[in-house]
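Peer 1: Listed below are the residues making up each chain.
Protein chains: 2
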Amino acid sequence: MTSAEANVTVAAIQMEPVFGQTEHNVARSIAMIETAAAQGAQVVVLPELCNTGYMFQSRAEAAALAEPVPAGTSTQAWIEAARRLGLYIVAGITESQGALLYNSAVIIGPDGYMGTYRKLHLWGDEALYFTPGDLGVPIFDTPLGRLSCHICYDCWFPEVWRLQAMQGAELICVPTNWVPIPGQDPDREAMANIVVMGAAHCNSLFVIAADRVGTERGQPFIGQSLIVSQTGWPVAGPASNIAEELLLATINLADARRKRNWNDFNQPLRDRRTDLYDEMLGSVLPRGMI
Amino acid sequence: MTSAEANVTVAAIQMEPVFGQTEHNVARSIAMIETAAAQGAQVVVLPELCNTGYMFQSRAEAAALAEPVPAGTSTQAWIEAARRLGLYIVAGITESQGALLYNSAVIIGPDGYMGTYRKLHLWGDEALYFTPGDLGVPIFDTPLGRLSCHICYDCWFPEVWRLQAMQGAELICVPTNWVPIPGQDPDREAMANIVVMGAAHCNSLFVIAADRVGTERGQPFIGQSLIVSQTGWPVAGPASNIAEELLLATINLADARRKRNWNDFNQPLRDRRTDLYDEMLGSVLPRGMI
Numbered sequence: 001m002t003s004a005e006a007n008v009t010v011a012a013i014q015m016e017p018v019f020g021q022t023e024h025n026v027a028r029s030i031a032m033i034e035t036a037a038a039q040g041a042q043v044v045v046l047p048e049l050c051n052t053g054y055m056f057q058s059r060a061e062a063a064a065l066a067e068p069v070p071a072g073t074s075t076q077a078w079i080e081a082a083r084r085l086g087l088y089i090v091a092g093i094t095e096s097q098g099a100l101l102y103n104s105a106v107i108i109g110p111d112g113y114m115g116t117y118r119k120l121h122l123w124g125d126e127a128l129y130f131t132p133g134d135l136g137v138p139i140f141d142t143p144l145g146r147l148s149c150h151i152c153y154d155c156w157f158p159e160v161w162r163l164q165a166m167q168g169a170e171l172i173c174v175p176t177n178w179v180p181i182p183g184q185d186p187d188r189e190a191m192a193n194i195v196v197m198g199a200a201h202c203n204s205l206f207v208i209a210a211d212r213v214g215t216e217r218g219q220p221f222i223g224q225s226l227i228v229s230q231t232g233w234p235v236a237g238p239a240s241n242i243a244e245e246l247l248l249a250t251i252n253l254a255d256a257r258r259k260r261n262w263n264d265f266n267q268p269l270r271d272r273r274t275d276l277y278d279e280m281l282g283s284v285l286p287r288g289m290i
Numbered sequence: 001m002t003s004a005e006a007n008v009t010v011a012a013i014q015m016e017p018v019f020g021q022t023e024h025n026v027a028r029s030i031a032m033i034e035t036a037a038a039q040g041a042q043v044v045v046l047p048e049l050c051n052t053g054y055m056f057q058s059r060a061e062a063a064a065l066a067e068p069v070p071a072g073t074s075t076q077a078w079i080e081a082a083r084r085l086g087l088y089i090v091a092g093i094t095e096s097q098g099a100l101l102y103n104s105a106v107i108i109g110p111d112g113y114m115g116t117y118r119k120l121h122l123w124g125d126e127a128l129y130f131t132p133g134d135l136g137v138p139i140f141d142t143p144l145g146r147l148s149c150h151i152c153y154d155c156w157f158p159e160v161w162r163l164q165a166m167q168g169a170e171l172i173c174v175p176t177n178w179v180p181i182p183g184q185d186p187d188r189e190a191m192a193n194i195v196v197m198g199a200a201h202c203n204s205l206f207v208i209a210a211d212r213v214g215t216e217r218g219q220p221f222i223g224q225s226l227i228v229s230q231t232g233w234p235v236a237g238p239a240s241n242i243a244e245e246l247l248l249a250t251i252n253l254a255d256a257r258r259k260r261n262w263n264d265f266n267q268p269l270r271d272r273r274t275d276l277y278d279e280m281l282g283s284v285l286p287r288g289m290i
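Which chain is which? The protein sequence lines are A and B, in order.
So the first sequence is numbered by our numbering: it starts at 1 and just counts up by one.
So the second sequence is numbered by our numbering: it starts at 1 and just counts up by one.
Heads up, none of these hints are tricks.
Below, simulated SDA-like cross-link-like pairs (lysine to any residue); rule was C-alpha separation at most 25 Å, straight line: (1) A:K259 x A:L248; (2) A:K259 x B:D185; (3) B:K259 x A:Q184; (4) B:K259 x B:Q167; (5) A:K259 x A:A249; (6) B:K259 x B:L269; (7) B:K259 x A:P132; (8) A:K259 x B:D125.
Hint data in this document are derived by calculation from the structure and do not stem from the laboratory.
Treat the numbers as computed from the prediction; the structure is a model and nothing was measured.
Throw the hints in and build the complete structure from the sequences for me.
Peer 2: Structural data, given as structure tokens:
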């Protein structure tokens, strides 16, 4: 049995950051990580911008709360926790690099800082504060399997999931701050969950989506974090839409690869008609029909 | 008010073809189209391969049932119905072109034959009988709006939906023959529906998915046809998983375009990071990590 065959226990930490209270938020996140670790978690995912909160009112306010990665205190605290608890942490963070700000996720392992993902597709007022991600869609190889990461509105771009799957990712960690969207039926699950489930299924990937809850400066967030298997079906959650909650699931990342062969003929990533779309997706854009 | 502003009544015809009984099947489809027309339908979608049934046991058997398009009797019967009833029909058909067979959909308007879509991604044993589609992802401009079409397993390829949306499509007609898939929880809706809903939402497209029901030569089909708005939420269905059923909905195709602007900053088709993926989606393939 190779390490890729081992079961992995993963966690989504649904929490409620308090705007601007970075020290409190990171401490709260670490308390919840400790709870997850006590239940066997080896990979834990925290929400988007969970160290600072989300609802900046000016670029100056965002800049004042942003930290360099990995030197900043939030990342250093998570590095210490990951080392002490022997697990992987993917955490949403307000990042600064000189004068530039990014909506980022730090990827940290038991041996320390591994890398950063910077949100590629900014949502709403984020465009006023943050620079769009410039680090592509990186894959992080670990003894547990191949991890990748994206943030909130990135989920709406199937190209991102495809790039991750085609680079060999097995587990996608999604820090998010989902907000209510038009057309949402309150009696049904969140469309965000539908998007995540469909993408997991079509790409044969496990997904951990860790959302926040609470209302911040008038903006409600919808919770409903979930952990999804490569079938597209949840193995934990959706969580509450209002309360903090810890989701845990034990999954076998090898399933993401071995069970991609849906029958004697079909494997969804190999069945792509690259003769058509990798050329056409570029060529249709100038038509200006959107 | 331009024609694009008008409401359009659309229908998904969930039926049970009888294998090999082409004349019966086409007559049954037209009877259901007439019922839809009597309720105001202007666009009707029929299931995949609905003139012949699906479970071929040899290429010779498929060839014997296949017809040239538009000269064959099935297409001619639908052309007559579309003309008489003044509506659009998108119908799954077993197509022959010389020695080649295709899993196709014919697109027919009140003025006659408009074009053909040939399934790009073949599922299972279809690969033994059919040639993969060679007509790309065409868009059909009509006074009602811009229609496009794909078939069953094509839904699992987000590239197809993106190509349709980026070429200006507003309504996607999906003839399908969905089968049970691994991991399906019988207490939840079909993963096929999740995939369709997520794709409609992420691409701001209306979708009519017309499935078949019944068990043919041992293969069950799952029904659950649906009509989805550009929000991703169903406006009709999901239909029964066992019985024939007619779904109708009145929709405004202009919503697919006007309501793509989700806020002051975001429109999901314009927010694509073409700097990243149209190049990367090609370049990652040789890595061989899938």
